[in-house]
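The sequence shown lines up with residues 322 to 411 when you count with the numbering used here.
Hints are computed from structural coordinates only; laboratory data are not their basis.
Honestly, I wouldn't trust all of these hints.
Ranges between beta-carbon positions, derived for each pair [what the hints assert, rightly or not]: (1) 349 <-> 397: 18 to 26 Å; (2) 353 <-> 323: 12 to 20 Å; (3) 409 <-> 350: 17 to 25 Å; (4) 390 <-> 411: 39 to 47 Å; (5) 365 <-> 336: 17 to 25 Å; (6) 323 <-> 348: 13 to 21 Å; (7) 355 <-> 334: 38 to 46 Å.
As the structure is a prediction and not an experimental result, all values here were calculated from the model.
Beta carbons: idealized from backbone N, C-alpha and C, even for Gly.
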Amino acid sequence: MTKADLVARMADDAGITKAAAEKAFNSFVDAVAESLAKGDKVTLVGFGTFSVSERGQREGRNPRTGETITISASKVVKFKAGSKLKDSIQ
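Given these sequences and hints, build the entire structure.
Structure follows, in C-alpha cells:
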C-alpha cells in the first residue's frame, strides 16, 4: 500500500476529500516525527509504539575490499506492534 492508497482509503472511510485526508495524514506523520526527534515515545493503543533507540559505534567490513571500517553511532526508529495489530494479522 502506498501513501496515495492510504490517503484514498482514509478519505473514503471518513467521507472527506482526498486533499483533507492527505493534510491529516501529513499532520500525523509530522507530529510523530517531531515527537521522536525530541526523544519521546509515540504510543497508539492497540496499534503499536514508535520509539528512538541509540546504536553504538561499531566496526564493519567493506564487502568489496574486506577493509575494516568504523560505523558511527546513530539513532534509529523502532516500532513495536500492539496486540490488536498482531491479532489482526494472525
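Tested hints:
1. 349 <-> 397: 18 to 26 Å: Holds: the Cβ-Cβ distance is about 21 Å, inside 18 to 26 Å.
2. 353 <-> 323: 12 to 20 Å: Check passed, 18 Å falls within 12 to 20 Å.
3. 409 <-> 350: 17 to 25 Å: With Cβ atoms ~22 Å apart, the hint holds.
4. 390 <-> 411: 39 to 47 Å: Hint holds: Cβ distance 41 Å, inside 39 to 47 Å.
5. 365 <-> 336: 17 to 25 Å: Taking Cβ atoms as reference, residue 365 and residue 336 lie about 22 Å apart, which means the hint holds.
6. 323 <-> 348: 13 to 21 Å: 19 Å, holds
7. 355 <-> 334: 38 to 46 Å: 25 Å, violated
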